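Chemist: Next come the chains, spelled out residue by residue.
Number of protein chains: 2
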Amino acid sequence: MQTKFAKRVTTASRSFTRTILDLTAQSSIISFAGGLPDAALFPRENIEKHAKELFKTEDNRLFQYSNASGVEALKVEIAKKYVNTPSTQIMLTNGSQQGLDLVCKTFLDEKDCIIVEDPSYLAALGLFHMYNATIKAVPLSSKGVDTDVLEVLFRDYSPKFFYTIPIFQNPTGYSYTLENRHEVVRLAQKYNVILLEDSPYEALRYDGVQTKAFADLLPELTIALGTFSKTLAPDFRIGWMKAPQEIISALTLSKESTDLQNSKFFQHICAKMMQSGELQEHTKTLIAYYRPKRDAMVNALHELFGDSIEFVVPEGGMFIWVNFKKCADSMKLFDVAIKKGVAFVPGSVFFADKRVTSYGRLNYTNSSLEQIETGVKKLYEAYNKL
Amino acid sequence: MQTKFAKRVTTASRSFTRTILDLTAQSSIISFAGGLPDAALFPRENIEKHAKELFKTEDNRLFQYSNASGVEALKVEIAKKYVNTPSTQIMLTNGSQQGLDLVCKTFLDEKDCIIVEDPSYLAALGLFHMYNATIKAVPLSSKGVDTDVLEVLFRDYSPKFFYTIPIFQNPTGYSYTLENRHEVVRLAQKYNVILLEDSPYEALRYDGVQTKAFADLLPELTIALGTFSKTLAPDFRIGWMKAPQEIISALTLSKESTDLQNSKFFQHICAKMMQSGELQEHTKTLIAYYRPKRDAMVNALHELFGDSIEFVVPEGGMFIWVNFKKCADSMKLFDVAIKKGVAFVPGSVFFADKRVTSYGRLNYTNSSLEQIETGVKKLYEAYNKL
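The listed protein sequences derive, respectively, from chains A and B. Using the UniProt record's numbering, read the first sequence as starting at 1 and increasing by one per residue. Using the UniProt record's numbering, read the second sequence as starting at 1 and increasing by one per residue.
Read the hints as simulated data drawn from the structure, not as lab findings. If you're wondering where the values come from, they're calculated on a predicted model, not measured in any experiment. Beta carbons are placed, not taken as given, at the ideal position from N, Cα and C, and that holds for glycine. Keep in mind that a hint or two might mislead.
What the hints assert, rightly or not - Taking lysine-lysine pairs in the DSSO-like style, the calculated list, with each CA pair at most 27 angstroms apart, reads: (1) B:LYS7 x A:LYS7; (2) A:LYS111 x A:LYS49; (3) A:LYS136 x B:LYS4; (4) A:LYS284 x A:LYS325; (5) B:LYS326 x B:LYS340; (6) A:LYS332 x A:LYS284; (7) B:LYS284 x B:LYS340; (8) B:LYS7 x A:LYS136; (9) B:LYS49 x A:LYS56; (10) B:LYS377 x B:LYS339; (11) B:LYS111 x A:LYS111; (12) B:LYS325 x B:LYS143; (13) A:LYS354 x A:LYS340; (14) B:LYS143 x B:LYS111; (15) B:LYS340 x A:LYS190; (16) B:LYS52 x A:LYS52; (17) A:LYS49 x B:LYS7; (18) A:LYS354 x A:LYS339; (19) A:LYS52 x B:LYS377; (20) A:LYS111 x B:LYS7; (21) A:LYS7 x B:LYS4; (22) A:LYS284 x A:LYS80; (23) A:LYS325 x A:LYS339; (24) A:LYS111 x B:LYS49; (25) B:LYS49 x A:LYS52; (26) B:LYS80 x B:LYS49; (27) B:LYS56 x A:LYS56; (28) A:LYS7 x B:LYS339; (29) A:LYS49 x B:LYS52; (30) B:LYS80 x A:LYS56; (31) B:LYS284 x B:LYS80; (32) A:LYS111 x A:LYS80.
To be verified - Label-pair distances were calculated between CB atoms; the ranges are: (33) B:LYS49 x A:LYS7: 44 to 52 angstroms; (34) B:THR211 x A:GLU58: 34 to 42 angstroms; (35) B:SER368 x A:ALA288: 19 to 27 angstroms; (36) B:GLU58 x A:GLN280: 22 to 30 angstroms; (37) A:ASP22 x B:HIS182: 35 to 43 angstroms; (38) A:SER158 x B:PRO244: 37 to 45 angstroms; (39) A:VAL313 x B:GLU58: 42 to 50 angstroms; (40) B:ARG355 x A:GLU58: 37 to 45 angstroms.
Excised from the complex, chain A in its bound form (with noise of 0.2 angstroms):
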């Protein structure tokens, strides 16, 4: 008998990094293709007395069923981020994955068109995939996006919204200027486009000053998504999104329907950890740890690969963008790379067309200093055999 899966079901094809992922998990490569945080860093300690201190102190409605945005403490903790934001504005979800699941489910209708960076997040590009919409995709360089583009793109397709990664992204590492910023914020207003900001990166900074994030530069007109999947553990499945009012009420409706709630235990935990300070004390021991990652990284590659490949040092995040410039499709490099014993996600994967591409993302946070230096040499020899 036939299945009759939605026509979505039928265009979608399993991603290539779970691929990777599974691949790398049981074997002794060193892998530079996940976006994995260093489980070693995890809080465990504090983890552990929060969640003693909550069986002490919260009585079983801790177990209920409650509402569908999430623990007011934890939101009002998160909305202090930004500027003059009640916590009637930000709701939790599981995870920032599920934050773009419900803007497209709140938003998109079939056909509907939306924006993306050229190239952007795989699993974003996956899910856009999943709802019909129409994609169109608008450069991205080290400065930000093609604003001349942009401004086409806004124009003739009145977008749904544009989904932008504007610190670190992934996969380039790239941030935008200020100016750059201001530009899609004078193009959003004039042809009244959402701009869809996802910043899982942002608070792990080794260099540079943090410029402002357009919830706050452009706040009606931006759902902002956030997540403590980098900077606290992942298995919190703890996200959230800060909207304007009416829209946070609209994507309220939409997780209500989905899956009814997330579960409060880890809210809790993270609410505590931020009235503590704990979780900002947390963040600067990741980036102590990670920073020093990122020079290896950067370092063994200038070495070795000298003027033979390209890319841009990332002044935060988990990765770096590499032009290797001598291989003109990446994917033939990696063939090679993983019978040397080392894996790095191909960049054609984050193009909105899959285009042939000699770029390739390659991530630091999640091998030791040891690994980096190995890794990034048989990488070269990899590079040297093709």
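Assemble chain B onto chain A, guided by the hints.
Modeler: Just chain B now, with coordinates in the frame of chain A:
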């Protein structure tokens, strides 16, 4: 500026039940409205014990990203509930509501037809509307669905699935007879229609003997949904799906793009409680507390209302579906009852066409024996006042 939501959102309205829940949460009103378990009965000591154990025995990967389908040990335990089922045919969800959402996402194109029982679970009806499904309803009685009507609907509309709650249905408390099940199975086979079998209450049986599930009678065409929200705790947010391999694979892909994965922490605790038999013991405790509550409500209704109402005594679950036959529109009874200090859910909201009805849904699990007695008295006063 006009916010351009998707069509699905503009047709959705805020759940009436949520409104009642918000109303009753803040007041002295006795509520028979919700579908909540009794929070006093949550197995808190077990949960705390296993949580402490997890912190001792598991390494930091406990809090790292993992796979979309859930903790293997728990899937193995759940698979044992079904005949000849490997754990690969099980996947875990963020409560069974997310299972419903993922099935819709994976199967429904715009306007696709689905069949529901009339009346049916409110939040499922809301979700199906969000997917712009064409919803057809089949009459439900205390013996099961009207299979003559079901056959016509299967034949004329080629539905993607039939959403069925065959045991202790919500809102009615009715269960299909085995004969009715066999007839539904025959029709599903004849017309190649998937049975989406939702069984959140099946473990809460106070009388009678369990009959076979569609998942075992017709495994090749059944997607079964289950949950720990009624037996363990809603905040765990653990539901599951059991389906043929091809379907589980497609659902897992949908889960990945929807929210990547769930928290594994409570999945581990749930697995431990099943392996040790603690959950099975706890379910007996629940039954020992819930059966007298059901009896108290049944007796109070009989004693006070006599022949002026009609209902079928449910063999399990959480609800009694009462025909307030002297009040053609139970919404009017609701308005008076609220003023008297007792809430229930008027039946209208559970029907696909929201028809005016004399029925209402009463929950007995989340009230004390005393509240049940007092609440039914207040309800009787309201009924007499009309």
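Chemist: Now tell me, hint by hint, if it's right for this structure.
Modeler: Status of the hints after comparison with the structure:
1. B:LYS7 x A:LYS7: Within the cut-off at roughly 19 angstroms; holds.
2. A:LYS111 x A:LYS49: violated (49 angstroms)
3. A:LYS136 x B:LYS4: Roughly 19 angstroms between the alpha carbons, so the hint for LYS136 of chain A and LYS4 of chain B holds.
4. A:LYS284 x A:LYS325: With a Cα-Cα distance of about 35 angstroms, the restraint between LYS284 of chain A and LYS325 of chain A is violated, given a limit of 27 angstroms.
5. B:LYS326 x B:LYS340: Distance of about 18 angstroms is within 27 angstroms: holds.
6. A:LYS332 x A:LYS284: violated (38 angstroms)
7. B:LYS284 x B:LYS340: With Cα atoms ~35 angstroms apart, LYS284 of chain B and LYS340 of chain B exceed 27 angstroms; violated.
8. B:LYS7 x A:LYS136: Satisfied, since the Cα-Cα distance of roughly 22 angstroms is no more than 27 angstroms.
9. B:LYS49 x A:LYS56: Holds - the C-alpha atoms of LYS56 of chain A and LYS49 of chain B are around 13 angstroms apart, at most 27 angstroms.
10. B:LYS377 x B:LYS339: Cα-Cα ~13 angstroms, so holds.
11. B:LYS111 x A:LYS111: holds (15 angstroms)
12. B:LYS325 x B:LYS143: holds (20 angstroms)
13. A:LYS354 x A:LYS340: holds (25 angstroms)
14. B:LYS143 x B:LYS111: violated (30 angstroms)
15. B:LYS340 x A:LYS190: It is violated: about 55 angstroms lies between the C-alpha atoms, which goes past 27 angstroms.
16. B:LYS52 x A:LYS52: holds (8 angstroms)
17. A:LYS49 x B:LYS7: violated (46 angstroms)
18. A:LYS354 x A:LYS339: holds (24 angstroms)
19. A:LYS52 x B:LYS377: Answer violated: LYS52 of chain A to LYS377 of chain B is near 43 angstroms, above 27 angstroms.
20. A:LYS111 x B:LYS7: Roughly 13 angstroms separates the two Cα atoms, so the pair holds.
21. A:LYS7 x B:LYS4: Between LYS7 of chain A and LYS4 of chain B the Cα gap is close to 24 angstroms, so the pair holds against 27 angstroms.
22. A:LYS284 x A:LYS80: Roughly 19 angstroms separates the two Cα atoms, so the pair holds.
23. A:LYS325 x A:LYS339: The given pair, whose Cα atoms are some 21 angstroms apart, holds under the 27 angstroms limit.
24. A:LYS111 x B:LYS49: violated (51 angstroms)
25. B:LYS49 x A:LYS52: Status holds; Cα separation ~10 angstroms.
26. B:LYS80 x B:LYS49: holds (25 angstroms)
27. B:LYS56 x A:LYS56: holds (19 angstroms)
28. A:LYS7 x B:LYS339: violated (50 angstroms)
29. A:LYS49 x B:LYS52: Holds: LYS49 of chain A and LYS52 of chain B sit about 10 angstroms apart, inside 27 angstroms.
30. B:LYS80 x A:LYS56: violated (35 angstroms)
31. B:LYS284 x B:LYS80: Holds. LYS284 of chain B to LYS80 of chain B sits at ~19 angstroms (cutoff 27 angstroms).
32. A:LYS111 x A:LYS80: Violated. LYS111 of chain A to LYS80 of chain A sits at ~37 angstroms, over the 27 angstroms cutoff.
33. B:LYS49 x A:LYS7: 44 to 52 angstroms: holds (48 angstroms)
34. B:THR211 x A:GLU58: 34 to 42 angstroms: holds (40 angstroms)
35. B:SER368 x A:ALA288: 19 to 27 angstroms: For SER368 of chain B and ALA288 of chain A the Cβ distance comes to about 54 angstroms; the hint is violated.
36. B:GLU58 x A:GLN280: 22 to 30 angstroms: holds (26 angstroms)
37. A:ASP22 x B:HIS182: 35 to 43 angstroms: holds (42 angstroms)
38. A:SER158 x B:PRO244: 37 to 45 angstroms: holds (42 angstroms)
39. A:VAL313 x B:GLU58: 42 to 50 angstroms: Once the Cβ atoms are compared, 37 angstroms apart, the range 42 to 50 angstroms for GLU58 of chain B and VAL313 of chain A is violated.
40. B:ARG355 x A:GLU58: 37 to 45 angstroms: 42 angstroms Cβ-Cβ, so the 37 to 45 angstroms window holds.
Taken one by one, the earlier hints fail for this structure at numbers 2, 4, 6, 7, 14, 15, 17, 19, 24, 28, 30, 32, 35, 39, listed in ascending order.
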